[in-house]
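S.K.: What follows is the residue order along each chain.
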Amino acid sequence: MRLRFNLVLGLLLAAIVIIAGVFAAWIAPYHPIIDADLMNSEMPPSWEHWMGTDGQGRDVFSRVLYGAQVSLTVGLVSQLINSCIGTALGVSAGYFGGWWDDLVNGLTNVMLAIPSLVFALAIMAVLGPGLPSLLIALGLTNWSWTCRIARSSTLSLKNQGFVQAAKVAGFGDGNIMRTQILPNIIGPVLVMATLGIGGAVLAEAALSFLGVGIRPPQPSWGNMLTDARELLRAAPWAAVFPGLAIFITVLGFNLLGDGMRDLLDPHMRTRRA
Amino acid sequence: MLRFILRRTLQIIPTLLVVVLIIFVIFSVVPGSFISSLMSEGRNATNADVMAHLNQQFGLDKPLLVRLGDYLWGLAQFDLGISYRTREPVWNVIEPRLWPSIKLALAAMFFAAIIGIPLGFIAALKPGSMIDSGTMMLAISGLSLPEFWFGLLLMYVFALQLGWLPSFGYQADSIRHIILPAIALGVSPMALLARTTRAGVLDVMNADFVRTARAKGLSEPRLVRGHVARNVLVLVLTTLGLQVGSLMGQAIVIEKLFSWPGIGSLLVDSVAARDIPVVQGAVIVIVLWFLVINMLVDVAYAAIDPRIKVT
Amino acid sequence: MLTRLGLIAALSLGTATIAMAQDATPTDGGKLVFTAPYGNSITSLDITATPHTQDEIVAKALNRSLYKWNPEKGQPELDLAESVEKSDDGKTYTYKLKEATFHNGDKLDADDVLWSYNRLADPKKALPGAEQMLQIAGVSEFQAGTADQISGLKKIDDMTVEITVTNLADPGWNLMSNYAPIYSKDYAEDQLASKPNGLGPFKMANYVAGSKIELVKFEDYFEEGKPHLDKLDIMLMGEASARDVAFRNGEIDVNILGPVQYEAYGQDDALKDNILEVAEVYTRNIGFNPKVEAFQDKRVRQAINYAINKDLIVEKLLKNKAYPAVSWLPVSSPAFDRNAEPYAYDPEKSKELLKEAGYETGLSFSVTATPNESWGVPIVEAIIPMLSKVGVQVTTDPVESAVLSDKILSDNFETFIWSNSSGPDALKYLTCFYSKTSQTACNYVKFSNPEFDKLVEQAGSETDPAKQADILRQANNVLQEEAPVWFFNYNKAVMAYQPWVHGLKPNSMELAIQDYEDIWIDADAPASRK
Amino acid sequence: MSKTVPASILSVRDLRIGIGNQSDLLHGVSFDILPGETYGLVGESGSGKSITGLSVLGLLKRPLQVTGGSILFREQDVLKLNKRERRRLRGDRMAMVFQEPMTALNPLATVGRQIAEMFVVHRGLSWAQARLKAVEALETVHVPAPDERARSYPHQLSGGMRQRVMIAIALACRPDLLIADEPTTALDVTVQAEVLKLIAELCQREGTAVLLVSHDLGVIANMCRRVGVMDRGRLVEEQDTRALFETPLHPYTRGLLAARPRLGSRTISERGRLTELDELVADTQRGRDAPTLVTPRGMLAEAGR
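Protein chains in written order, with UniProt numbering: chain B, 1 to 273; chain G, 1 to 311; chain Z, 1 to 530; chain L, 1 to 305.
Some clues are possibly wrong.
List of simulated lysine to aspartate or glutamate pairs, EDC-like, C-alpha gap at most 20 angstroms [unchecked claim]:
id	chain 1	residue 1	chain 2	residue 2
1	Z	389	B	37
2	Z	125	G	208
3	L	61	G	208
4	Z	124	G	208
5	Z	436	G	49
6	Z	389	B	35
From the structure, some residues in chain B lie toward chain Z, with a derived Cβ separation under 8 angstroms [as the list claims (entries may be wrong)]:
id	residue
7	56
8	125
9	231
10	234
If you are wondering where the hints come from, they were derived from the structure by calculation, not from laboratory data.
Glycine is no exception: its CB is placed at the ideal position from the N, C-alpha and C atoms.
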């Protein structure tokens, strides 16, 4: 099946980015912050600087590598937080029902109604720029879909034989949720998280554009892109490579997520793609 | 139907209340204030007396809870308060931004729909084929571009290099001005729509009733027209609605880039100036838009899908 | 030395360009598409309600003040008054007003002036423009609530106003402010924000909030034969890269340039001849908070000034769109010392000083900075590697602009990088370092130096401009020696304009503020401007 | 003797179905159905009985495809027809009733319209005429208040009603062959009998041959004259129904009979049945043609007499 091709491609792209991020310190030929040489700013790609240098005279290649660390951290951690919140709320709401379900449902609706970028912007305004704030801002604002999926899956699982059986057998609610329900919804949640990674990387770029992203001079792709947007004419490489890195990463994780979904359930009802 | 709308309208209120509360809490702890934003340019120091008077005038010297109470009381009377920045009623500040924002959201959605839905159909007709992989890759690529980056690219190509379209600005009666921002904003919902449509078509094509229709000896065009399209539409409608609903809030970056006078850019400007009443007002408008669009989607559902009853 | 020569050359070049532009006789008619580059919106059409340059750009077309700034001469001059008589004690001024008409047809009279100034100073209205009224006698009583109007303002007859001030300084510096315009007393105040009514050369035709203001020529404008333009559009465009595309595409007629575009336009044959440059009176600096113990030591402050290669930063990062700073006062200031040498780039000396002060290692501080490309985070990013070479660790504390001033005023910073006014009134801006000036006023680094204080006091009571300048020069030199800040650069403002635009002036106060009534377009303008 | 044998309406010969070109799902199945005859195919799920039915109509879904053999319908090999000709046969000459009446109808169209469609497509009637015929069709399947029901949507009908609608659709054009794939499996026991009765009654009246696919031996016993037993893609045994129940020849058939579930306990017993079956029948004996296989022709000759 050709769809596997997309999955493999996604896996490959994601792997490249992960390797680049994990081994940045070994691969990168220069320090991304200190090795700045203003005399050599805006140099085109060469043997010494594979991707040229930016306006500050820093090696774009090294910064793209270290940027992978930041972007991956942002993507993975924020999605981890989202998944945990979403799953915990969704499963418990679906399982217990009642007022708790109503409450979670209401909260989810509120979260859906406030655009996540607006919410993240507000949180960033409070916490100030920086990686931890970004993780919190993006981690707290994107769990509503995960929550919905977890809730609806739990609702349908709740009435199935094995869950009922476990109940009759006298297992505690927490135990049932952990051992019976969680394993059955982990797949879709994982898909959502994988798809969300791309979204988080893009959100980082958008927040950087709005001036509330990662704390410079720490390199992040969003920062690099924002800094270089005026250099598009003079030093296009300073903008092209981080842009490409974002593109590859988001594409990779999206393909991966799509592929995983098709693998898990080819005809999964996708009310929201 | 009317009862349904009424009930849904009432349901909006608690959601809105929570939103107002969240924004209020966030901006009560946010560093920086409207007063400090007055001198952000570093040019002229603002007179301390003026600052004190301003604080007093806007009631910023009152305790937080009193301010919240005042705000909610005003809101109950459809009064959004007075903008710190312009010293006009907030509604006067928001109202002129409304129509441009809606226009942009609808135009972006139009673009997304006319490209995304056919793309999804094409991909789904031969699942697993090269065409499928290709179109999906294209769609996901659209999802993978940072918006401002893509917008800037559009500007360079279509405004500067080709000279076909104006690069920025808003003209009430001009379609040409809306094209580039609409495309830049629409590319990500386009990708989502293509994906949903593809999944939807595959879903429906695998449905039992399509097998029934095949067993009835229907030709493919009749099959798609009579049985597939409407069912896919039901699936796509949710995505469509959610996207239209959230586009107003998502447009921040694009509005800033293209100098589009929408709610999004007003929101960013107001956050920067700590003009809290306008921030509140803008968020309320964005949230309301989302909720109302979703209500409309539900109404549309009822019109298309007989299984859904609206009471 | 070389830099300064270059600077002077550049200055004269700018003037030359303008002189050329003014050679031809203005022709009337046509449309100008101007840009307001400091954001995507303006705050209010009522300029008295806001302190932002972005709004001033619009207000300049709509309103007139008693005085106006003459960019060519570098001093205020009468605008709405024909003549002024100064009393012998130098504190009472009698103005004979010009015949002028408001956009709604009202005629200007003395009551309008009194009403406008009283309104500005009214504490209940809390208008930022109140700042400009403080020099007038009786304002403090009025603000304190012990008087129900300003006693220093008197109507002599319908067209004559007498203003009494509290000190010897020329009130023109305050009353020329675009933030202190004359409004009509008979016009509904609540209309000002949406339907402005001024004395300016253009009146409102259409305002698209967050996008643009369209203005049309005001036929009854009081200056004969002006304005030349029929229409004036002001586009609100904060995003520089978007402005660049629009300018190159011919959609806008002027573009305030950032460093990158300054360099690019200078290298572009099609654009390089239509660039207007001016040394603006802003000094960009990093202020050291004496709260940090190390910064109480003059040697540390000096060491930092020595450690940073500001010429390189100005050249490479700002693309020479700035003049490396010597000290606080800018080159154009009469009190600027032409013989003063800036801190040289000398890392060795810096290390020595740090060693003497006991900070050979271990000094680290953060710089609170906005994202601004010329005086914000990018500059801090550039000094990080430089200071790390002398053993000083610098981190960034990026903030939004509203937070920057908040943090500074509440003394919640180690250092900040900012751009502050440093002219044209040298005394006013040096007073910011006077020890009795509070941090919330403008002594952000809580500078306190007896020698400096004495000089400022002396200058304040000196009426002879030449002598005053002399004293201020000394004060400025003390400031340089004491280095309460890192002296970074003086801004060079750059505006690119389309070849058919004439009459732009090198306004050193703020280049984006132009006398619209003097701008005109020639026959080469494209059809869309006719 | 061969003169007494009427030409079979459907004649499947050595039918092979697989994924790609490997025939690993159906390994050569042959059987005949005479006009008006009801023929049963019985077997566990996964034995290949359903795809056999689908392949006759040409509804196999990719990647499944027919890899060999022939399907003669009215002495014409439908596998050799082009897509269009084959489509014309579907619904018109051969029709199908599916297992799940809940999902087999388009939820967004009225049942009237879904029946009427048959007349529009195959008889070229206008929608208005077709609608009248649809009401008639509903009447024939004993749907009360057919006029009103025609305007209903599937979700407004009970499972049994829906299956009646399905039957109305299938028999609308009076086909020669009806393939009923587990037509009652998803229905309540009480309804099952009625629906089966309806199929039997209508087909008898019109002389429609029926290929009844079911795992339920009870259903087969009630409806069919002859039964084919399928296991693992092979037709392991074919007999007259009564004979099959009395003297099952193949060990698998014996196992199947022994493990016969109690009626009505479908879902849960299905699991149980499988395990039981595995215990009852040795793996080596499964999926092989029994040496005792009675040729269909021989039995038919007897039946025709």
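S.K.: Among the hints numbered above, which are violated by the structure, and what are their numbers in rising order?
M.R.: 2, 4
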